[in-house]
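Asks: Construct the entire structure; sequences and hints are all you get.
For the sequence shown, numbering that gives the first Met the number 0 assigns the number 0 to the initial residue and increments by one for each residue that follows.
Any given hint could be a false lead.
What the hints assert, rightly or not - Pair by pair, the computed Cβ-Cβ distance ranges are: (1) Phe-64 / Cys-14: 12 to 20 Å; (2) Met-25 / Arg-50: 30 to 38 Å; (3) Leu-27 / Gly-68: 29 to 37 Å; (4) Arg-66 / Gln-45: 24 to 32 Å; (5) Glu-65 / Cys-28: 29 to 37 Å; (6) Thr-53 / Val-33: 14 to 22 Å; (7) Cys-28 / Gly-68: 27 to 35 Å; (8) Gln-61 / Val-33: 13 to 21 Å; (9) Cys-42 / Phe-64: 19 to 27 Å; (10) Phe-64 / Ala-30: 31 to 39 Å.
I should point out that these hints are in silico values taken from the structure, not numbers from a laboratory.
Fair warning: this is a prediction, and the values are worked out from it, not measured in the lab.
Think of the CB as a built atom: it goes at the ideal place given N, C-alpha and C, for glycine as much as any other residue.
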Amino acid sequence: MSQPSPYLLAACQPCGHVWCLATLPMPLCQAAGVMQRSVCPACGSQAKQHRIPTERQAAAWQEAFERSGETTGVSRC
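Replies: Okay, structure coming up:
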């Protein structure tokens, strides 16, 4: 069994973009607020069009993040 991801990811239904909304852990009410106010950085769609990414989408995001070589929390999310 793999480790749970420390990232709260979102997937945009209109354009398919996957991005990091927040780094976990964080209080549940704060995470809910982040999700409600989210806007897709690729196409600008609103939160009601966002879903939890599939395992395949999340794995692709993680792989791209690791390849980018970013090490700061600011760039992750």
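Asks: CB of Arg-66 to CB of Gln-45, is that within 24 to 32 Å?
Replies: holds, 30 Å
Asks: Between Met-25 and Arg-50, does the C-beta distance stay in 30 to 38 Å?
Replies: Violated: the Cβ-Cβ distance is about 20 Å, outside 30 to 38 Å.
Asks: Quick check on a hinted range of 29 to 37 Å for Leu-27 and Gly-68, using CB atoms only.
Replies: holds, 32 Å
Asks: Using the C-beta atoms of Phe-64 and Cys-14, is the stated range 12 to 20 Å upheld?
Replies: Since the Cβ atoms of Phe-64 and Cys-14 sit about 19 Å apart, the hinted range of 12 to 20 Å holds.
Asks: Indicate whether the distance between the beta carbons of Cys-28 and Gly-68 respects the range 27 to 35 Å.
Replies: holds, 34 Å
Asks: Does the Cβ distance between Gln-61 and Val-33 fall inside 13 to 21 Å?
Replies: holds, 19 Å
Asks: Does 29 to 37 Å hold as the CB distance between Glu-65 and Cys-28, or does it fail?
Replies: With Cβ atoms ~30 Å apart, the hint holds.
Asks: Note whether the CB distance of Phe-64 and Ala-30 lies within 31 to 39 Å or breaks it.
Replies: 19 Å Cβ-Cβ, so the 31 to 39 Å window is violated.
Asks: Is it true that the C-beta distance of Thr-53 to Val-33 lies inside 14 to 22 Å, as the hint says?
Replies: At 20 Å between Cβs, range holds.
Asks: That 19 to 27 Å hint for Cys-42 and Phe-64 (C-beta), does it hold up?
Replies: Given range 19 to 27 Å: holds, Cβ gap about 20 Å.
Violation of the numbered hints given earlier is confined to hints 2 and 10; the remaining hints are satisfied by the structure.
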